[in-house]
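There are 4 protein chains.
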Amino acid sequence: MLVVMRMDAGEKEIRGAVRKIESHGLKAHPIPGAQRTAIGITGNIGVVEPALFETLPGVLEVIQVSNPYKLVSREFRPENTVVDVGGVKIGGRDLVVIAGPCSVESYDQTLRIAKAVKAAGAHLLRGGAYKPRTSPYSFQGLGTEGLEILVRVRDEVGLPVVTEALDIDVLDQVAAASDMVQIGARNMQNYTLLKRAGRCGKPVLLKRGMSATVTELLLAAEYILDQGNSQVVLCERGVRTFADHTRNTLDVASIPAVQRISHLPIIADPSHAAGRRNKVMPLSRSAVAVGADGLMVEVHDAPEEALSDGNQALSPAAFEELMAEIRALAPVVDRAVPSYVGS
Amino acid sequence: MLVVMRMDAGEKEIRGAVRKIESHGLKAHPIPGAQRTAIGITGNIGVVEPALFETLPGVLEVIQVSNPYKLVSREFRPENTVVDVGGVKIGGRDLVVIAGPCSVESYDQTLRIAKAVKAAGAHLLRGGAYKPRTSPYSFQGLGTEGLEILVRVRDEVGLPVVTEALDIDVLDQVAAASDMVQIGARNMQNYTLLKRAGRCGKPVLLKRGMSATVTELLLAAEYILDQGNSQVVLCERGVRTFADHTRNTLDVASIPAVQRISHLPIIADPSHAAGRRNKVMPLSRSAVAVGADGLMVEVHDAPEEALSDGNQALSPAAFEELMAEIRALAPVVDRAVPSYVGS
Amino acid sequence: MLVVMRMDAGEKEIRGAVRKIESHGLKAHPIPGAQRTAIGITGNIGVVEPALFETLPGVLEVIQVSNPYKLVSREFRPENTVVDVGGVKIGGRDLVVIAGPCSVESYDQTLRIAKAVKAAGAHLLRGGAYKPRTSPYSFQGLGTEGLEILVRVRDEVGLPVVTEALDIDVLDQVAAASDMVQIGARNMQNYTLLKRAGRCGKPVLLKRGMSATVTELLLAAEYILDQGNSQVVLCERGVRTFADHTRNTLDVASIPAVQRISHLPIIADPSHAAGRRNKVMPLSRSAVAVGADGLMVEVHDAPEEALSDGNQALSPAAFEELMAEIRALAPVVDRAVPSYVGS
Amino acid sequence: MLVVMRMDAGEKEIRGAVRKIESHGLKAHPIPGAQRTAIGITGNIGVVEPALFETLPGVLEVIQVSNPYKLVSREFRPENTVVDVGGVKIGGRDLVVIAGPCSVESYDQTLRIAKAVKAAGAHLLRGGAYKPRTSPYSFQGLGTEGLEILVRVRDEVGLPVVTEALDIDVLDQVAAASDMVQIGARNMQNYTLLKRAGRCGKPVLLKRGMSATVTELLLAAEYILDQGNSQVVLCERGVRTFADHTRNTLDVASIPAVQRISHLPIIADPSHAAGRRNKVMPLSRSAVAVGADGLMVEVHDAPEEALSDGNQALSPAAFEELMAEIRALAPVVDRAVPSYVGS
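Line by line, the protein sequences give chains C, H, Y and V.
Count along the first sequence starting at 1, add 21, and that's the number in my numbering.
Count along the second sequence starting at 1, add 21, and that's the number in my numbering.
Count along the third sequence starting at 1, add 21, and that's the number in my numbering.
Count along the fourth sequence starting at 1, add 21, and that's the number in my numbering.
One or more hints might be untrue.
Given that identical chains are not distinguished, each listed pair holds provided it fits within a single copy or across any two copies.
What the hints assert, rightly or not - Keeping only pairs whose Cα atoms sit at most 30 Å apart, straight-line, the calculated DSS-like set for lysine-lysine is:
| id | residue 1 | residue 2 |
| --- | --- | --- |
| 1 | LYS48 | LYS139 |
| 2 | LYS33 | LYS91 |
| 3 | LYS33 | LYS136 |
| 4 | LYS110 | LYS216 |
| 5 | LYS216 | LYS33 |
| 6 | LYS136 | LYS216 |
| 7 | LYS139 | LYS91 |
The hints are simulated quantities; they were obtained by calculation from the structure and are not laboratory data.
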């Protein structure tokens with residue numbers, strides 16, 4: 022932490038600030054400059070709020086220096102974490118594709134789509150049993166029945182399953198039924214849910230909140246790791262900006278930003294970012310090219326009749342095309358798209 | 022809903038779109054124009070996703086017209102809702118001020134501050150027992166002990182209490198202990214929590230999410246009303262933008278925007294918007310002048326030692342000054358700041 | 022400037038960084054900490070880019086400390102600047118109101134509206150002769166003819182005139198014809214125009230760009246002051262965010278933020294922020310309450326037929342109401358709304 | 022345009038709205054619905070502001086339907102425009118790379134870098150002679166001398182030159198000296214400059230403003246085309262958001278969005294988006310993969326000593342690596358990176 026003094030601050034104010042810093046068991050390092058003095062602070066800064074010093078006489082501003090995260094950082098663990106989801110490895114050289122319908126609507130629909138995405142080369146099946154919806158009047162998912170369908174389809178088709186736990190009430194049920202528990206963007210700072218996910222015994226897919234910084238995303242993951250679960254995959258799914266040509270603005274640069282700071286894998290969700298089908302393909306290529314560890318894509322075989330987000334779902338044929346493009350791209354970024362790896 | 026056809030769409034495409042619309046039990050109203058045709062849709066549109074029509078041949082775009090909210094809208098209930106919090110009325114002519122520490126830190130601290138804010142004229146006491154914190158290493162609140170302190174202080178001082186329910190686990194406990202249950206910005210789209218709050222039997226203070234539109238805020242409230250609880254007060258607390266001179270950008274215009282569309286009261290939280298003490302006073306005046314039904318302000322008698330958000334807390338003396346300013350402002354916007362109204 | 026070293030940086034990297042800093046004629050002040058070392062830099066930092074140090078071995082990040090502006094800062098000039106516009110003083114205790122049509126459409130229209138706003142108590146007349154329009158097919162202003170109309174109306178009505186200089190071609194003409202030259206939001210970083218405005222001999226009204234930070238706004242003003250013209254008034258007119266209930270989000274907190282850092286006056290333009298008439302009144306109150314030195318409001322006596330921005334113009338009757346509200350508010354914030362002060 | 026009536030609007034209000042619409046020479050098409058009536062409007066809508074109808078009794082809102090741009094749209098010209106810059110074609114199958122220093126600092130520096138980027142495979146040379154700088158105290162470019170250096174280096178090295186025209190004063194000089202005139206992000210809505218660029222006789226590179234929508238970008242281009250110059254290349258360079266891990270957020274989705282609506286080529290500038298060297302490579306790949314027609318990349322052979330933006334410049338060696346990656350990527354998106362094509 023660095024306390025920057027005003028230009029007109031005199032010896033008295035500087036000594037006062039130093040005393041205040043030391044009174045908290047910290048060390049103060051004054052740096053006299055041509056125009057003003059700054060005071061570096063070292064010690065156990067974690068417990069100190071900048072407010073402590075910001076309001077002292079003669080202080081212009083307080084600047085925080087240390088990163089607030091630990092377990093998720095590369096300084097803590099230099100090598101990449103590889104997350105194992107039912108035998109599928111995310112975070113290594115393999116480029117992993119999660120695909121399926123936005124919502125589980127019926128056994129037949131889910132089975133059909135699961136077979137289609139597996140045939141096209143997907144590695145994991147997605148499908149929402151519990152759906153977070155902006156309006157209480159929208160379809161809220163099949164719930165327990167949806168989970169049962171996912172279990173049956175997984176057994177039949179052989180793709181490990183990723184599905185969202187909407188709240189702590191259903192977390193255990195979701196963890197039991199699935200191979201990876203998804204925490205949605207709206208829940209990225211639902212700390213109780215994060216803590217429980219840290220004890221749920223399954224890998225966690227954590228989506229970036231709609232207006233979360235990379236630091237906040239990493240701190241949300243830190244909540245999970247702090248409970249003993251280091252099997253966390255992050256997901257960039259677009260952020261909210263003024264731009265109105267897509268539903269959200271896919272912030273591709275967040276992917277190398279996370280990879281530089283953290284050892285956790287990060288994938289992209291081009292479907293939610295785009296909000297419309299015709300952008301899913303280019304955004305998928307874009308995310309792979311920037312270095313994402315995988316993709317999560319919505320696929321529906323009758324998108325016009327989907328009970329949610331039909332707008333952004335690819336048809337099975339379009340998904341096949343996407344997989345072909347991804348396979349062509351992968352070697353360029355030194356990745357491989359593995360063949361069937363499910364159990 | 023309005024389907025806009027491309028300029029080069031012919032009779033065939035238009036007839037195709039009309040047929041598709043009618044196949045969903047809706048009525049299609051073609052509007053031929055100089056350059057292109059648009060097709061108005063009426064009927065039970067609620068169940069239909071725009072995707073149904075967006076991908077038809079010849080269609081340029083689909084525009085949604087109807088508002089998605091019902092119970093919260095002025096069309097549904099023209100007169101203002103007045104919410105009763107332990108005898109304090111929010112949403113009428115009275116300007117209501119909620120004040121207290123960010124976190125309940127101890128019985129003594131809470132009692133001292135409660136007495137101070139009551140003496141200055143606050144109507145309700147705030148204080149967090151459960152704290153949502155970006156980092157798992159920050160102080161997370163005293164929990165149950167904090168609630169017990171709030172109950173004791175309320176009994177002693179006589180100010181009704183507002184405190185946050187962080188998750189569904191603690192909602193009932195919080196509802197039992199407090200006079201108004203707060204749902205924080207990070208939980209604005211925690212739908213399970215919203216639904217439970219709709220059945221908790223206490224008034225709810227719902228804060229706007231960091232990047233929520235006014236429509237999303239109203240739909241979040243709709244979740245609560247839909248469960249039978251219409252005692253909801255909204256709270257503008259600043260949104261996330263590129264601007265870096267405050268922690269969040271207080272969107273004062275959201276207040277008249279909500280008041281035009283909805284019958285629910287709306288207050289402002291200048292402390293969280295500002296993020297620093299020296300902006301709390303001007304932002305408070307600004308919110309009252311724009312027409313807010315009240316304010317929620319953080320007060321601490323030793324802000325430098327506060328366990329959370331000390332940066333933005335007013336001292337009791339500054340809070341007294343604030344109340345004086347508010348009292349002077351109120352009549353200009355045809356409001357009154359009532360004297361002690363607690364039970 | 023502060024160079025923060027990585028946790029794993031050793032003596033060698035630290036010495037390397039120090040040498041590099043000193044090789045630029047600067048002084049290096051290492052601050053060893055528990056976890057890592059930071060190096061404070063003093064000297065003539067202005068000429069140094071952070072990049073110089075950011076890429077050195079062992080460096081985590083470089084943090085800039087000094088403020089980049091000088092002439093506009095309170096450190097440079099502690100007392101408020103008062104700008105004199107044809108006898109009207111902006112920046113003192115007086116609350117100044119600039120009103121008039123968005124565009125000058127005709128002599129009759131401008132005269133009628135000028136008389137109306139003067140009667141209601143406005144101090145300065147606004148009206149665009151040159152209009153920046155998003156589309157080349159929108160009305161672009163009457164140009165020279167518009168300026169001539171403004172001169173005639175000023176002489177007849179006696180209100181000093183504020184009008185926009187769209188480019189350097191017309192700047193001299195605008196400066197000659199008006200009492201204050203406006204630089205619009207889209208031109209806030211048109212540096213050639215700013216420099217010329219610094220030599221135009223008239224006060225300048227500088228509007229904040231649509232996504233400009235307060236620092237960038239102040240640096241834009243610095244360009245004008247640097248050319249010898251310190252008669253600059255800043256204007257908050259709303260910034261671009263995701264929020265869609267107003268055209269722009271009026272960032273009221275920018276007003277006290279500017280006033281804390283700079284001695285320049287700052288007013289608000291609620292009309293452009295709101296984009297719709299029904300928000301102009303509450304936003305005006307809000308801006309006055311937050312401490313603005315004045316308002317700029319669009320008024321039209323036939324808003325439905327206005328050639329630009331009719332949506333947001335107040336009728337003369339509504340403007341009268343606004344002035345009444347402002348007069349009631351002013352004393353609360355220790356301001357006065359002066360009576361007629363024009364020459 | 023669509024006028025949406027309130028639910029409680031009666032026959033009288035609807036007839037009133039229809040009459041008002043017809044009084045402007047437009048046709049009104051009422052669409053009675055289950056809950057409310059909407060009125061479609063056709064005719065010469067271009068001249069009508071929504072405000073005309075928004076304030077009528079019984080009107081809830083007015084929705085605009087037609088696109089405001091013409092010449093830039095695919096509806097106007099279905100096939101791609103290919104822009105010829107000194108023999109280099111942008112907008113066809115070729116992927117074009119523009120590279121060079123941020124600023125022209127000296128003949129030697131420019132020559133060295135030009136040779137290096139040409140050797141690595143760049144097709145066009147960039148280099149700023151006039152630099153837009155946030156602070157008046159930053160290096161502002163060599164001006165005329167910089168242009169002369171560019172001309173000499175072009176003649177010697179054989180790469181056509183792209184350089185920025187900062188204002189209308191220097192536009193003709195820049196157009197005479199260069200092969201393509203750049204209009205920077207801060208000038209995207211400098212309409213006088215756009216109009217002159219439309220008559221300058223050289224191709225124009227138009228960068229997206231920091232907070233411009235795709236519609237605004239296209240309308241800015243429309244200003245240029247409207248003056249007879251259809252040789253316009255657009256450039257995505259990142260937009261301003263809350264995200265702080267890059268200087269700007271590269272909005273890769275804007276590229277397919279523009280390509281769907283417009284026939285104009287669009288390239289990406291990963292250097293300005295990233296703001297730091299280590300993100301330039303992944304963002305370049307990302308932009309190519311999403312379908313950009315080219316890249317503009319900053320290269321400096323002594324980035325630590327660059328007079329501007331050294332932070333984001335690649336070394337010649339890193340640029341060579343980038344070109345290798347781009348060449349590997351191109352075929353995957355059905356593009357080719359041509360060998361030397363300059364005159």
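Of the numbered hints stated previously, which ones are contradicted by the structure, given in increasing order?
1, 3, 5, 6, 7
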